[in-house]
Amino acid sequence: MNEVIPVQPREIVDLVYRIARVDGLDHGDANLVARWVTCEELAGRSRLDGALRAPSGLLSAAKTADRRGETDPSAADGYHHASRQGLPIATAQFSALYDASKMFLVAEATLDEVER
Numbered sequence: 001m002n003e004v005i006p007v008q009p010r011e012i013v014d015l016v017y018r019i020a021r022v023d024g025l026d027h028g029d030a031n032l033v034a035r036w037v038t039c040e041e042l043a044g045r046s047r048l049d050g051a052l053r054a055p056s057g058l059l060s061a062a063k064t065a066d067r068r069g070e071t072d073p074s075a076a077d078g079y080h081h082a083s084r085q086g087l088p089i090a091t092a093q094f095s096a097l098y099d100a101s102k103m104f105l106v107a108e109a110t111l112d113e114v115e116r
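Going by our numbering, 65 is the number at position 65 of the sequence shown; the sequence numbering is gapless.
Everything labelled a hint here was simulated from the structure, so no lab data went into it.
Since this is a predicted model, take the numbers as computed values, not measurements.
Idealized CB from N, CA, C, for every residue including glycine.
Incorrect hints may have been included.
[As the list claims (entries may be wrong)] Estimated spans, in silico, between C-beta atoms of each pair:
id, residue 1, residue 2, range
1, Phe104, His80, 24 to 30 angstroms
2, Ala92, Gln8, 14 to 20 angstroms
3, Ala90, Ser60, 22 to 28 angstroms
4, Leu105, Glu3, 26 to 32 angstroms
5, Ala43, Asp14, 17 to 23 angstroms
6, Gly28, Asn2, 31 to 37 angstroms
7, Ser60, Arg84, 28 to 34 angstroms
8, Thr91, Arg53, 17 to 23 angstroms
9, His81, Leu105, 30 to 36 angstroms
10, Gly24, Arg84, 32 to 38 angstroms
11, Gly28, Ala90, 27 to 33 angstroms
Between the sequences and the hints, there should be enough to build the whole structure, so can you do that?
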């Protein structure tokens, strides 16, 4: 069965960003790829599998989209609806994103704040 769950666009940006950082992209490039992947999800052209396997391989397409002004999720069609209702993402795909993003190291000070 292919269950789907509603996911906020910001969650996709955060998870893909972390995965891209683990893949070796710097902050700016990881953020660009994450925003572009989210825009692609909003447009119904999923790039989540590419983001899981090799987000650095998506950088060229993300840079091209950025030159066209197509990497701002809040400007994408369907953003407001997705912000209220969530984007339908397959549960297995979201779990894979979440698991892969856990490899991103978080500063100990941040973790200490979360525990409080």
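So, going through the hints one by one against the coordinates:
{"no.": "1", "hint": "Phe104 <-> His80: 24 to 30 angstroms", "verdict": "29 angstroms, holds"}
{"no.": "2", "hint": "Ala92 <-> Gln8: 14 to 20 angstroms", "verdict": "18 angstroms, holds"}
{"no.": "3", "hint": "Ala90 <-> Ser60: 22 to 28 angstroms", "verdict": "26 angstroms, holds"}
{"no.": "4", "hint": "Leu105 <-> Glu3: 26 to 32 angstroms", "verdict": "31 angstroms, holds"}
{"no.": "5", "hint": "Ala43 <-> Asp14: 17 to 23 angstroms", "verdict": "19 angstroms, holds"}
{"no.": "6", "hint": "Gly28 <-> Asn2: 31 to 37 angstroms", "verdict": "35 angstroms, holds"}
{"no.": "7", "hint": "Ser60 <-> Arg84: 28 to 34 angstroms", "verdict": "33 angstroms, holds"}
{"no.": "8", "hint": "Thr91 <-> Arg53: 17 to 23 angstroms", "verdict": "19 angstroms, holds"}
{"no.": "9", "hint": "His81 <-> Leu105: 30 to 36 angstroms", "verdict": "34 angstroms, holds"}
{"no.": "10", "hint": "Gly24 <-> Arg84: 32 to 38 angstroms", "verdict": "35 angstroms, holds"}
{"no.": "11", "hint": "Gly28 <-> Ala90: 27 to 33 angstroms", "verdict": "29 angstroms, holds"}
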